[in-house]
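> Residue numbers (the numbering used here), protein chains in the order written: chain P, -17 to 227; chain Y, -17 to 227; chain W, -17 to 227; chain X, -17 to 227; chain B, -17 to 227; chain D, -17 to 227.
Please note that a few of the clues may not be correct.
Pairs count within a copy or across copies, as identical chains cannot be separated in the list.
What the hints assert, rightly or not - Heads up, simulated DSS-like pairs for lysine-lysine below, C-alpha to C-alpha not over 30 Å straight-line:
#1 Lys91 to Lys36
#2 Lys134 to Lys211
#3 Lys211 to Lys155
#4 Lys82 to Lys36
#5 Lys134 to Lys44
#6 Lys(-12) to Lys211
#7 Lys14 to Lys134
#8 Lys211 to Lys36
#9 Lys44 to Lys82
#10 Lys134 to Lys82
#11 Lys14 to Lys(-12)
#12 Lys211 to Lys14
#13 Lys(-12) to Lys91
#14 Lys51 to Lys(-12)
#15 Lys134 to Lys(-12)
#16 Lys134 to Lys51
#17 Lys134 to Lys33
#18 Lys(-12) to Lys33
#19 Lys91 to Lys14
#20 Lys51 to Lys33
#21 Lys36 to Lys134
#22 Lys91 to Lys51
#23 Lys36 to Lys(-12)
#24 Lys33 to Lys91
Bear in mind the hints are in silico, worked out from the structure with no lab data behind them.
Given next are the chains, with one letter for each unit.
There are 6 protein chains.
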Amino acid sequence: MPETNKTALVISAHAADFVWRCGGAIALHAAKGYDVTVLCLSFGERGESAKLWKQEGMTLDKVKSERRKEAEQAAEALGVHDLVCLDLGDYPLELSREDKNRVVEVIRKVQPAFMLSHSQYDPYNTDHMYATQVALECRMIAQAWGHNPGEKVLGAPQLYLFEPHQTEQMGWKPDTFLDITPVWEKKRAAIECMAGQEHLWEYYTRVAINRANHFKRNSGGQASGRDCKYAEGFQSIFPRTVDEL
Amino acid sequence: MPETNKTALVISAHAADFVWRCGGAIALHAAKGYDVTVLCLSFGERGESAKLWKQEGMTLDKVKSERRKEAEQAAEALGVHDLVCLDLGDYPLELSREDKNRVVEVIRKVQPAFMLSHSQYDPYNTDHMYATQVALECRMIAQAWGHNPGEKVLGAPQLYLFEPHQTEQMGWKPDTFLDITPVWEKKRAAIECMAGQEHLWEYYTRVAINRANHFKRNSGGQASGRDCKYAEGFQSIFPRTVDEL
Amino acid sequence: MPETNKTALVISAHAADFVWRCGGAIALHAAKGYDVTVLCLSFGERGESAKLWKQEGMTLDKVKSERRKEAEQAAEALGVHDLVCLDLGDYPLELSREDKNRVVEVIRKVQPAFMLSHSQYDPYNTDHMYATQVALECRMIAQAWGHNPGEKVLGAPQLYLFEPHQTEQMGWKPDTFLDITPVWEKKRAAIECMAGQEHLWEYYTRVAINRANHFKRNSGGQASGRDCKYAEGFQSIFPRTVDEL
Amino acid sequence: MPETNKTALVISAHAADFVWRCGGAIALHAAKGYDVTVLCLSFGERGESAKLWKQEGMTLDKVKSERRKEAEQAAEALGVHDLVCLDLGDYPLELSREDKNRVVEVIRKVQPAFMLSHSQYDPYNTDHMYATQVALECRMIAQAWGHNPGEKVLGAPQLYLFEPHQTEQMGWKPDTFLDITPVWEKKRAAIECMAGQEHLWEYYTRVAINRANHFKRNSGGQASGRDCKYAEGFQSIFPRTVDEL
Amino acid sequence: MPETNKTALVISAHAADFVWRCGGAIALHAAKGYDVTVLCLSFGERGESAKLWKQEGMTLDKVKSERRKEAEQAAEALGVHDLVCLDLGDYPLELSREDKNRVVEVIRKVQPAFMLSHSQYDPYNTDHMYATQVALECRMIAQAWGHNPGEKVLGAPQLYLFEPHQTEQMGWKPDTFLDITPVWEKKRAAIECMAGQEHLWEYYTRVAINRANHFKRNSGGQASGRDCKYAEGFQSIFPRTVDEL
Amino acid sequence: MPETNKTALVISAHAADFVWRCGGAIALHAAKGYDVTVLCLSFGERGESAKLWKQEGMTLDKVKSERRKEAEQAAEALGVHDLVCLDLGDYPLELSREDKNRVVEVIRKVQPAFMLSHSQYDPYNTDHMYATQVALECRMIAQAWGHNPGEKVLGAPQLYLFEPHQTEQMGWKPDTFLDITPVWEKKRAAIECMAGQEHLWEYYTRVAINRANHFKRNSGGQASGRDCKYAEGFQSIFPRTVDEL
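Only chain P is shown next, with the shape it has when bound in the complex:
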C-alpha cells in the first residue's frame, strides 16, 4: 500500500540546489522505497541563471520555464516522488504568511521521516539561510495542534543541513556521511540536467569522491574502513534518539 511508504522532504531555496547538495540522498532513499518530495521555493531565476541571462532576448518567464524543465528532468533522474515549485521569487527570497502556510501544508501532507535544507549561515547567499529559517519555522507550525485543527500534526523529523558551497565559510560541519555509491549514476545524470551550470558538474563529482574518503576514514580507517566511492555529508540540527550507541 503506497500510503505506508516512508517519506522525506527537501526544502530547496532555488530549483537546482537539491541536485548538487543532496541528489544522492534523494536517489538512495527513493531506491529504498521512500517517497521523496522536493519543495523548490523559487527557480533561482534571477540569481542562479547567469548563463541564460547572457542569451539575447531572455525574459524572466523564459528563464523560469528553462529552470523548471531542468529541475523536472533532474527530479525524474533521481526518482523524486513529487516536485513542488512554489515560484516565490529569488534574490531575495521572501515568504509572506500565506506562502509559509503553503509550505506547512506540504510538510503536513508529506509527514516526512526527515527533512533536508541549507546551512544556517551563508554570507554569499542570504536566500539559503533564509530558506533554513523558513524550514524551522514551518516545521514548528506544522507541529502545532491549533494550526488548522483536525489535520494530522507533524512529529519531530530531523532537519539535516546539506552541503553548501565553500563549507567552511558557512560554518557548516557534517556529522553524518551517507554512502551514495549505489545511486551515483543517478546523481550524475541529474547533475548533467543542469545545463546552465556545467562548470559545476566536475566540481560536485570531486566533492562526492572526497566525501567518500571521509566516509572511509570514519567507518574504520585504514584498519577496517568499509569501502565507499561516493558520499554526501549532512549536519543534524536535532539530537538523535537511539537504543544502542
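Could you slot chains Y, W, X, B and D onto chain P? The hints should help.
Just chains Y, W, X, B and D now, kept in the frame of chain P:
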C-alpha cells in the same frame, strides 16, 4: 563464542565517574551482549572523596581501597566485563609516556566498537578534560601501525562524551539520547554503591528522568514520541557513516 | 509611596513561558517589593495547547480564554503586579511596527530595573528566539530620545535570558543562579495552574532542585557552599557594572 | 579619466556611524584616488540625537536637517565622493523591497572594489546588525544577472566590518589594521563636525591611537615593527585571493 | 582583627602583568580592606624586558632584580598585602608538580574571595594562557580534601580573567566593569613604576578611560548612567550565585 | 646577494604533511625567490606509514629512512631551500625544553616573513594540534630578547594554518586562497614522491581544483573573477597590517 562479542570502552578520570555519567549505557550494552571495559585512570582519592577524608585517621591507601571497592560493586551491578584501575593519581591527573602506553594497550586489547569519556572543557575539574585529551591521543596511538608492530591496530571507534556536571558550563551539547529504561534499576543500584556521594543519588535520578523527556521530544514529540522513562545523553566527536538517514 | 517601587519586566512569547522559566524570580522580587510586569505576546493558543485542542468542539477563542485564565491564576500565585496580554498570535509570532510600539510603551511605562526573556537560539521554537529579538529591538527603541519625544526614556536595564527547555540545544549558558527557596511554594502553585501541561510539573520541579545543586557548587562548594533548595538560572546579555568584585 | 577611478562603498545605518568607525579608511582611500560613496540608510534622528532632542521645540525634521548638515560637513572633511542619504528611518531601521532596490542601485552604480558596514551582532543597537544583513542581501542581489537585466552586475567585493562600540560585546574581531596616520587630521576634523556627540571625540581618538599600537605589534613587534600613530581595525567577511602570502 | 580581612589573589604570569591589567582592582579592594596577594610566576625576565636587554652587559640576574624591584614598587603603590615571586622562568613558563604545589599552598593560605588571572587564549603569548590553565588546575587541587589532609580546603572563589592586550584576538569578553576612579592615581603611580615599558603608560590610561565609557553605557546609558572616569573590565569563568537579580 | 632573500618557514608534524598541505605555497614562493625552510618534527614513522609497516621485516629505522628519502625528494621537487628533520618521534609527538630550543634556533636562523603550520584542533591526530601549539610557543620564545641574548630576535611573522584533512571537523576556516597554478606541476611531482600514500594523490589534486573554484568565487565571481586552476587555502592567526584595504 565470547571472543566475537562486540565491545565498548569507558575511560573515566576517577573511579566514580562512569557510574553517574554512563552507567545506563554500560548496563544496556552489557545486556545486549557487549563486553564493556571500564578504565579508571585514578580512584579520585584526593579530590572526590571528601566524605572519607572527614573521617578520623584516614589515609590515602584506605581511601583508595574504599573507592576501589565501591567501583567494583558498581561495575558488578552494571555488568561491566572488565574493570581496569590504573591508579595514576588525581588532582591533578598526569600520565607519563609509559602510562599512556598502558592505556593504548587496553584500547588495543578491547578493540572497542565505541569509546566513552568526559567533556572537552571543564573549568571546575581539569582532570576531566585531561582524561578526554588522553583518550583522543591514545586512540590515535592505538591506530598507528608502527606502535608495537604486529599488534592488531585500532579501527575508528566513535568517542562519545558523557554528561558532565553543570553541562552548560562545560560547553557540552548532546547529539544522542539513549533510552536506558530497561536497565534503570541496574544504574540506580550502581549509583547506590557510591556511599560517599549520597547527595548525588537523587540528583542523577532527576537527570535521567529529565533526559527521558528530551528523548521523547526528539523521537516524535507530542504527536508520536516514543515513550521513555530514563535516558542518558552523549556528544559525538566524530561524524557517523550511514546507509540511510 | 508605590511609585517608587523597583520594577521588573518579563517578555514571554506565550502565556505559560513565564511560569516555568522565571516564576521563582518573579515571586522572589515581588516578595522583595518589586512591581513585576509580565508581558505575554501571545497565549500560545495554537502551538502550546495540545491538550485543549484534543477536546471535542474546541475553538481558537476558547483556547485563548483558557490560556488567559491559567496565566492570570499563575500571575496571581506569583504576585505579578501587572499581566499584559497582547494577543498577537503564535506559531508563528509576528509583530508589526505598531505591535512593537505597544511593547515599547509597556517598557517605558514600567521602566524596569531588569528585563527577562527567552534564549537567543531555539530551533524547536522560532517564536522564542523571535521574542528575544523583539525584546532587544524594543529596548533600543525605548532608549531613543526621538521616539515619542517627551516621554521618559529607558535607561540600560540588564536583559536576562531565562532557562529554555533542552538548554544545551539552545546554546544557553547560565551565568547567574538565583536562590528561589523562599518562594518555591508560590512557583509550584503557579506551575499547578498550568492544567494543560501537567507532564511538566515534576519536570520543572526537578530542574529547580538540580539548579540548587549548581547554586551550592558555585557559592562555595563542599567546603563552604551556602545551602539552597530551589534555584533558577539566567544568562546575561550585557556586562555588569560594579564597585566591588 | 575619472570613470576609471577605483571605488569603495560604505553602508552606514545612521548618519554619524561612518565618521567614527571608518573615517580614516574613507579619507585614506580618497587621498589615494578612490571615489568613496557613503550610503546613510537613516539620519539616526530618533535614536542617536539625544542632545538635539533635549532642546526646546525640537521636531523630527529639524533633527534630520541638523544631522544631514553634520554628515555633509564630515563627508566633505573626509573627501567623500558622494554622500547618499536614503532617509529610511531609525530605531528601528526597516527596509521594504523597494528600499532594498534603491540600495542595490547604489551598489551597482558604484561597483565598489570593497564595501564597509557594521558588525554582525549588536545587542545594544539592532539597527546596526540589520544594516549589515541588508548589505549582504543587497550585495547578493546586485550580483544577480536577472535583477534588472542589462545592468552591469556586481563582482565579489570584500565586505569589511568596521569597529563597533564595545567591540567584545559584538563578537567583532579585527583581522586587518589600516594605518590612517597620513589622514588623521581629516578624520579628527570630521569627528569634530559631530557637535551632538562631543563626548565621543576623545574616545575615538584614543581608539585610533591604541589601534596604532596593535598595528605595530602585528607589523613586526618590538624587533622591527613599522611605526604608526593612528589606525583603524576591520573584520573581513570573505576570504582574500592572493598571489603571495 | 586583621585575620578576618577579606582576601583576593592575583596569579600573574610575569611580574608586570598585574599592574596594567588589574592594578585598579587591587588598589580598590585594598582600600576596601581586602588583603590582596599577588603571585608572580616569573619576572618576565626573558620575554618582557626588551629595554633592559638592550643595555650593555645585561645578565639574567640583573634583569630579574630590576623586574623584582619594579614589581615591589608597583605592589606598594597599589597597597598589595603580599607579593609572592616564584621565579619559575618565562618564555616559556613551565611548572613542575612541585611548582604547582607551591601555587596551591599560596591559594590555601590566602583563601581568596576571588581570584584574577589571564585570558584563556593568547596566540601572541602562550605563557599567559598557560598561567590561567595553572590557576584552574591549582584552584581544583586546593579544593581537594585529600591534598595535604588537615589543611583548610578552598571554597569556590570566582576566577576573573583580566584584560589582555588586543582583547579581540584573545577571545576575551568582559562581563563585569569595575569603577576604579577612586584609586586611579594609585594605578597610574604603579604603572609609572614600569620604567621599561614607558610606551604603555598612556596606552593603558586610554584603556581605563574608554572602559569608563563602557561602564557608563551599561550602568544606565545617556538616560541615567552613573558617572565613572576610569574602569577595568573582567570576564568571569564561573556563574554567580545571587539573592536578587 | 642570497642573504637578502625573503624567507618562509613550514613547521610540519610529520614528514609528508608539508607536501599535501602547502606544497603549492612552498613551490610558488621558492619560484618568487624566497628561501623556504621546512622543519619536520618527526618522520611520521609510526603513525603515517601503514603501507611500509605491512611489509615483511620492517623496522623503525627502515621506515624513517624511507620517509626521509620521500621527504627529500618532495622537497627537491618543490624547491625547498632547507629541509630540517628533527626526528623527535610521532604518535605521540612530544618536545622537551631542549627540543623546543632547537625549533627556536631554526626560527631565528630563518627569520621567516611568514610561517606555516597545522590547524589548532584535530581530534583525529593530536600530533597536528600539538605542532601548532609548539609553533606558537617557539615563535614567542624567538621574539624574547632574553632568550640567548645577542641573537637577532624574531619580528612578528604571520602564522598561516594550512589545510587539514576533513577541514570542517577541525574547525579550520580559510581566509586566504593562494593561486598555485604556475607551480602545480611541481606540487603534483612532490605528491607523487609519497609512494606510501598513493590513495591521496588524486584526493589532493581534487582539493586543489576545488579550491581554485573558491579562489574564483572570491576574486570576482561570475562577473569578473580572475581565472585560477589550482589553489591552496590558509587560515591566518594574526591580523594583517595594511596601507590600503
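> Next, verify each hint and record whether it holds.
Now the hints, each set against the structure:
1. Lys91 to Lys36: Between copies only: 20 Å across chains, 39 Å inside a chain, cut-off 30 Å.
2. Lys134 to Lys211: Between copies only: 26 Å across chains, 40 Å inside a chain, cut-off 30 Å.
3. Lys211 to Lys155: Close inside one copy (21 Å) and across copies (26 Å); limit 30 Å.
4. Lys82 to Lys36: between (33 Å within a copy, 24 Å between copies)
5. Lys134 to Lys44: between (38 Å within a copy, 21 Å between copies)
6. Lys(-12) to Lys211: Both: 26 Å inside a chain and 27 Å across chains, each within 30 Å.
7. Lys14 to Lys134: Within one copy only: 25 Å inside, 36 Å across.
8. Lys211 to Lys36: Between copies only: 24 Å across chains, 37 Å inside a chain, cut-off 30 Å.
9. Lys44 to Lys82: Close inside one copy (26 Å) and across copies (25 Å); limit 30 Å.
10. Lys134 to Lys82: within (17 Å within a copy, 33 Å between copies)
11. Lys14 to Lys(-12): Intra 9 Å, inter 28 Å, cutoff 30 Å: intra and inter.
12. Lys211 to Lys14: within (19 Å within a copy, 33 Å between copies)
13. Lys(-12) to Lys91: within (13 Å within a copy, 41 Å between copies)
14. Lys51 to Lys(-12): Close inside one copy (27 Å), not across copies (41 Å); limit 30 Å.
15. Lys134 to Lys(-12): Within one copy only: 16 Å inside, 41 Å across.
16. Lys134 to Lys51: between (33 Å within a copy, 28 Å between copies)
17. Lys134 to Lys33: between (43 Å within a copy, 15 Å between copies)
18. Lys(-12) to Lys33: between (38 Å within a copy, 28 Å between copies)
19. Lys91 to Lys14: This pair counts as within: shortest intra-copy Cα distance 20 Å, inter-copy 38 Å.
20. Lys51 to Lys33: For Lys51 and Lys33, the Cα distance is within 30 Å only inside one copy (15 Å; across copies 46 Å).
21. Lys36 to Lys134: Cα proximity of Lys36 and Lys134: across copies only (12 Å, versus 47 Å in one copy).
22. Lys91 to Lys51: The answer is within: 24 Å in one copy meets 30 Å, while 34 Å across copies does not.
23. Lys36 to Lys(-12): Answer is between; shortest inter-copy Cα gap is 26 Å, intra-copy 42 Å.
24. Lys33 to Lys91: between (36 Å within a copy, 22 Å between copies)
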